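Q: Line by line, the protein sequences give chains H and Z. Plus 2 on top of the position in the first sequence (first one is 1) and you've got the working numbering. Plus 9 on top of the position in the second sequence (first one is 1) and you've got the working numbering.
A few of these clues could be false.
[Unchecked claim] Listed below are the simulated DSS-like cross-link pairs for lysine-lysine, each with C-alpha atoms no more than 27 Å apart in a straight line:
#1 H:37 with H:14
#2 Z:167 with H:440
#3 H:440 with H:14
#4 H:440 with Z:160
#5 H:440 with H:37
Rather than coming from a laboratory, the hints here were simulated on the basis of the structure. Note that the structure is predicted; figures quoted are calculated from it, not measured.
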Amino acid sequence: MELGFLFGSIIKISGILAYLYGLLRLMGHPNKWVKIASIVVAFAIIQAALSIQIGSFVVFNDFDRGLLFQACAMTMVVMGLNLIYGFNGQFSLGQWGFYGLGAYAAADVTYRWVNGDTRGLVVLGVGVILGGLVIWGIGSWLRRYRRMPVLSAFTLYFVGTLIAAFLAVQAGRLLNPFISAGLGTDTAPGPLNTPFVQQIIFFLAVIFAGVFAAEVSFLFGLPVLSLGSDYFGIATLGFAIVVNVLMVNSDTILPFPEMKGGRGMIGVPQLTTWFTAFLFMILIIIIMRNLIYSSTGRAIISVREDETAAKAMGINVANYKLMAFVIGSFFAGIGGAIYAHYIGFLSPGTFTFLVGFNPLIIVVFGGLGSMSGSIVASFGWIFFLEGLLRVALGQLGTEAPQWRYVLYPVTLLLLMLIRPQGLLGTTEWGFLRAPEVKVREQVEAAPATVTPSAGD
Amino acid sequence: MAEGNNHKAPILEIRALCKQFGGLRAVNNFDLSISNGELVGLIGPNGAGKTTVFNMVTGLYEPTSGQVLFQGEDITGLEPYEITTLGIGRTFQNIRLFPNLSVLDNVRIAYHPHAGYSLVDGLLRNGQFTGRERELTEQAQDFLAIFHLEKIQNELAKNLPYGEQRRVEIARALATSPRLLLLDEPAAGMNPGEIVQLMELIHFIRDRFNLTILLIEHQMRVVMGICEWITVMDFGEVIARGSPKEISENQRVIEAYLGKGAANVA
Numbered sequence: 003m004e005l006g007f008l009f010g011s012i013i014k015i016s017g018i019l020a021y022l023y024g025l026l027r028l029m030g031h032p033n034k035w036v037k038i039a040s041i042v043v044a045f046a047i048i049q050a051a052l053s054i055q056i057g058s059f060v061v062f063n064d065f066d067r068g069l070l071f072q073a074c075a076m077t078m079v080v081m082g083l084n085l086i087y088g089f090n091g092q093f094s095l096g097q098w099g100f101y102g103l104g105a106y107a108a109a110d111v112t113y114r115w116v117n118g119d120t121r122g123l124v125v126l127g128v129g130v131i132l133g134g135l136v137i138w139g140i141g142s143w144l145r146r147y148r149r150m151p152v153l154s155a156f157t158l159y160f161v162g163t164l165i166a167a168f169l170a171v172q173a174g175r176l177l178n179p180f181i182s183a184g185l186g187t188d189t190a191p192g193p194l195n196t197p198f199v200q201q202i203i204f205f206l207a208v209i210f211a212g213v214f215a216a217e218v219s220f221l222f223g224l225p226v227l228s229l230g231s232d233y234f235g236i237a238t239l240g241f242a243i244v245v246n247v248l249m250v251n252s253d254t255i256l257p258f259p260e261m262k263g264g265r266g267m268i269g270v271p272q273l274t275t276w277f278t279a280f281l282f283m284i285l286i287i288i289i290m291r292n293l294i295y296s297s298t299g300r301a302i303i304s305v306r307e308d309e310t311a312a313k314a315m316g317i318n319v320a321n322y323k324l325m326a327f328v329i330g331s332f333f334a335g336i337g338g339a340i341y342a343h344y345i346g347f348l349s350p351g352t353f354t355f356l357v358g359f360n361p362l363i364i365v366v367f368g369g370l371g372s373m374s375g376s377i378v379a380s381f382g383w384i385f386f387l388e389g390l391l392r393v394a395l396g397q398l399g400t401e402a403p404q405w406r407y408v409l410y411p412v413t414l415l416l417l418m419l420i421r422p423q424g425l426l427g428t429t430e431w432g433f434l435r436a437p438e439v440k441v442r443e444q445v446e447a448a449p450a451t452v453t454p455s456a457g458d
Numbered sequence: 010m011a012e013g014n015n016h017k018a019p020i021l022e023i024r025a026l027c028k029q030f031g032g033l034r035a036v037n038n039f040d041l042s043i044s045n046g047e048l049v050g051l052i053g054p055n056g057a058g059k060t061t062v063f064n065m066v067t068g069l070y071e072p073t074s075g076q077v078l079f080q081g082e083d084i085t086g087l088e089p090y091e092i093t094t095l096g097i098g099r100t101f102q103n104i105r106l107f108p109n110l111s112v113l114d115n116v117r118i119a120y121h122p123h124a125g126y127s128l129v130d131g132l133l134r135n136g137q138f139t140g141r142e143r144e145l146t147e148q149a150q151d152f153l154a155i156f157h158l159e160k161i162q163n164e165l166a167k168n169l170p171y172g173e174q175r176r177v178e179i180a181r182a183l184a185t186s187p188r189l190l191l192l193d194e195p196a197a198g199m200n201p202g203e204i205v206q207l208m209e210l211i212h213f214i215r216d217r218f219n220l221t222i223l224l225i226e227h228q229m230r231v232v233m234g235i236c237e238w239i240t241v242m243d244f245g246e247v248i249a250r251g252s253p254k255e256i257s258e259n260q261r262v263i264e265a266y267l268g269k270g271a272a273n274v275a
């Protein structure tokens, strides 16, 4: 390997890490306008780096650009897993399944749209909205019945969402002829198929894909979260495998010929821009931080710390496990949608459970319960291992990429030996740091005899 | 404490409570009635079923049979979080703090059921969130100040010495704003000096927060010193009830609990 390339890569990785650190620091500024300005500037810096080209020199070549988007998508997935595993303490191996669900769901929407079929958007959109309403409705109705067995509740939710899905399919069938008239054909795109409209459709598809993953995780998590943590891990692993098998057979046992089963879905429009990737990543970071430092977040963390004590503090443990799981899967779904529209090609091979260990490794690598750690580890992992090593090891011949699977575990082993709490432990940077609470002046206190110094 | 006709109304009434673990009857026909404002002790040798009674009252275990009434309402079989919200706070025999959270957060978690803002308010950080969050932080700090813990509010709970952990746990239980406080062996592992402080603390919180307290204790010194009524259990059954003086003279208690020849213990 050329030394120049190696050097350049190291510069890039340290540049990215410095960038992330600076962004988080500036976002932590007390002034609202500084915060907003820092986000805009951070966006502009990378946007400029992506578009500036002087002669043959580019800051980010196509390969780096791909890594950047992949790192953004990975950050979202890992943030979600950190919420589930790092903050809520539920060992989940299913995150990759929700990532895949989000990727395929969003890809199907935009793929169909650019090919003159609006059913993808209508069915998914109506489906997730109706499904959400059904879940909310049944949830508030069930709250009046104490001690409803969890499987009965699950059956109700399941039947409800099935009805919602059926209605969504009917809605898609009814509305398709009216909307698709505006889409035009491949040769003569209609007014609804301009790049701008496609971006809007993509935007909707990303959000719907996230909500879709969240709703599926609700239905799956409801019965499964009542298991203990280890059993929960195995059940989620099963979920990831089921999702993968469905992907492989999406054109045979599922009615989605455009997904082409095991051959992979080609022709997904490459609509991901730095703007969407950055926007959703920042949104997820903000949502995570606001969630963790609210009363709800403290309740979620208390479940990890001690379930019995959390119950004694008046916290509905089952509820908060489910909430963390659903929000985490929502992030994974969004990450999947961003990934699908950057890569343009979805293969079930990307979503096998073996690859699904990556987010888990990254979250442990960055530090369980550290949001900054998740971000840093996602970027570092993608750029270092996916980028640098793929090229460096490429010199070793065609089997070289397999060496990554030796290198990953060894890296992880070393980290666990040297720094078991992860790269950042529980350290947070700037914006993600817990708001400081000053010691207050004493208002009233127990009699002096109760003080630690008193007595005998 | 409470005046008028409320005075004799029991705040907690346990009727014929039983708990069966497989072939073992851990608690058998347990009855207990506690009036408002009383300080009641539940004692007995190891394995007598005291903590099982606590766990059934707080909903961690479901009773095999029997009834628990709190302020006249049947709370048997409710979820633990519902029982806490109704007004029963508790501490644990082996301290159960949230070890990796700060002392302040430990107490703030107890406010969660009364946080007064929703998930969405928290995500948007709107006025409702900031206002309520400041209020409950101040309330939590007041609690810490009462227990002289305000200086260490940002320490992780796991780094505190034992005695302070106990105080944090009591502060946290009080922050759930209970009417009835269950203390499970609060003096476990304390030296005589700390026990004196603890006894004063228990008296203080009862008067300050207008509480009813039921405590499990091993140390006869604590029980005899502060409890107004004592119930003695052995092998899951009540073997004696009465004032500390009556209990200390009860032959059956001395034999079952203290062993023969230990009559001079109190």
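Q: Against this structure, judge whether each hint is valid.
A: Against the structure, the hints come out as follows:
{"no.": "1", "hint": "H:37 with H:14", "result": "holds (25 Å)"}
{"no.": "2", "hint": "Z:167 with H:440", "result": "holds (21 Å)"}
{"no.": "3", "hint": "H:440 with H:14", "result": "violated (39 Å)"}
{"no.": "4", "hint": "H:440 with Z:160", "result": "holds (10 Å)"}
{"no.": "5", "hint": "H:440 with H:37", "result": "holds (23 Å)"}
Checked against the numbered hints above, the structure violates only hint 3.
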